[in-house]
Amino acid sequence: MPSTVVTWNVNSIKVRKERVLAFLARHSPDVVCLQELKLEEAKFPRAEIEAAGYHAAVLGQKTYNGVAILSKSPIENVHRGFADDVDDSHARFIIGTTAGMRIASAYFPNGGEQTSPKYPFKLAWMKRLRVYLDTHEKPNDDLLLCGDFNVAVDELDIAKPDQWQDTVLTSDAVRAALDEIREWGFVDAFRQQHPEGKIFSWWDYRQLAFPKNDGLRIDHIYATKGLAKRCIAAAVDREERKGAQPSDHAPVLCTFS
DNA sequence: ATGGTCGCACCGCGA
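Mapped onto my numbering, the consecutive letters of the first sequence carry residue numbers 1 to 257.
Some hints here could point you the wrong way.
[Unchecked claim] Dumping the calculated DSSO-like pairs for lysine-lysine here, alpha-carbon to alpha-carbon at most 30 Å: (1) K160 x K127; (2) K43 x K62; (3) K17 x K138; (4) K118 x K229; (5) K17 x K212.
Derived from the structure by calculation, the hints contain no laboratory data. Note that the coordinates shown come from a computational prediction; the quantities given were computed from them, not determined experimentally.
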C-alpha cells in the first residue's frame with residue numbers, strides 16, 4: 001500500500017487553514033509536514049485537523065516559526081527541538097514515528113542577509129541538526145527529513161541562477177552545511193525522481209514571480225537510502241500557489257511503495 | 001517606474 005508524504009510551508013496556519021483542509025480532502029495524503037504555523041500550539045486548529053481524520057504533533061510559538069506533523073496514523077515518540085541547550089527558543093524542528101517511518105518536519109532559518117547575525121545562526125542551526133541526527137537517529141532506519149530548508153542546492157533548483165548567486169539560500173557555506181546533513185545518510189528523494197530539475201516550490205509574492213515561474217526549490221524531502229529506493233513519484237502541487245490567499249510556498253509530495 | 005507582497009503585531013520586522 002503506497003503512502004504519500006507532503007511538506008508545505010503554509011506561512012500562517014490561521015490564514016491557510018481552509019486551504020490545508022481542502023488539500024487534505026483532495027489528496028488524502030498519509031502524512032503532511034507543515035512549517036511556519038506562526039502561532040502557539042494552543043491556537044493550532046487541532047479539532048478541525050482531527051475531524052479531517054489526522055493526528056497532529058505540533059511545536060508552536062507566538063508570531064514566528066512553528067512546525068507540525070499531520071498523519072492518518074498515530075504519531076509516536078515525538079521529539080520537539082534539538083534539546084541541546086544552545087538556543088531552542090525557535091520552534092523549527094519536530095520528529096515522530098508514524099506511517100511506518102521516522103518523519104521530521106523542519107523549518108531551517110532563512111538567514112536574512114549574509115552580514116546579519118541571522119546568517120551565522122542559520123549555519124549553526126544546520127550543524128546542530130546534523131549533531132541531532134548523529135546523537136538521536138540512525139541512518140539505517142526509514143527516516144524522512146521534510147521541510148523548508150531555505151537552501152537551493154544548485155542551478156537546477158533556481159529559475160534564474162544568476163540572480164541568486166552567493167545569497168543566504170545559495171552560498172557555498174549553506175550548501176556545504178546541507179552537504180554535511182545529506183552525508184549523514186540521505187538521498188534527495190524529489191531530485192531522484194526529477195533529475196532534470198527546474199521544478200520549484202517557492203515564488204516571491206512580488207513581481208509576478210509565480211506567473212513567470214521565477215521560483216526556487218527550497219522545500220525538500222530527504223529520505224534515508226533504503227527508504228529512497230521505495231520512492232516511486234514526486235511532485236509539486238502548483239494549484240496551491242493559485243487562487244485566493246496562497247502561501248508563497250507550494251506543497252511538495254512524495255509517494256513511497 | 002531602480003519598486004512592486006504577505007502575515008503578524010502594531011506603524012517595523014521577518015520572509
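Verification of the supplied hints:
1. K160 x K127: Holds - the C-alpha atoms of K127 and K160 are around 28 Å apart, at most 30 Å.
2. K43 x K62: Given that 30 Å is the threshold and the Cα spacing comes to 9 Å, the pair holds.
3. K17 x K138: Cα-Cα ~34 Å, so violated.
4. K118 x K229: violated (36 Å)
5. K17 x K212: Holds: K17 and K212 sit about 27 Å apart, inside 30 Å.
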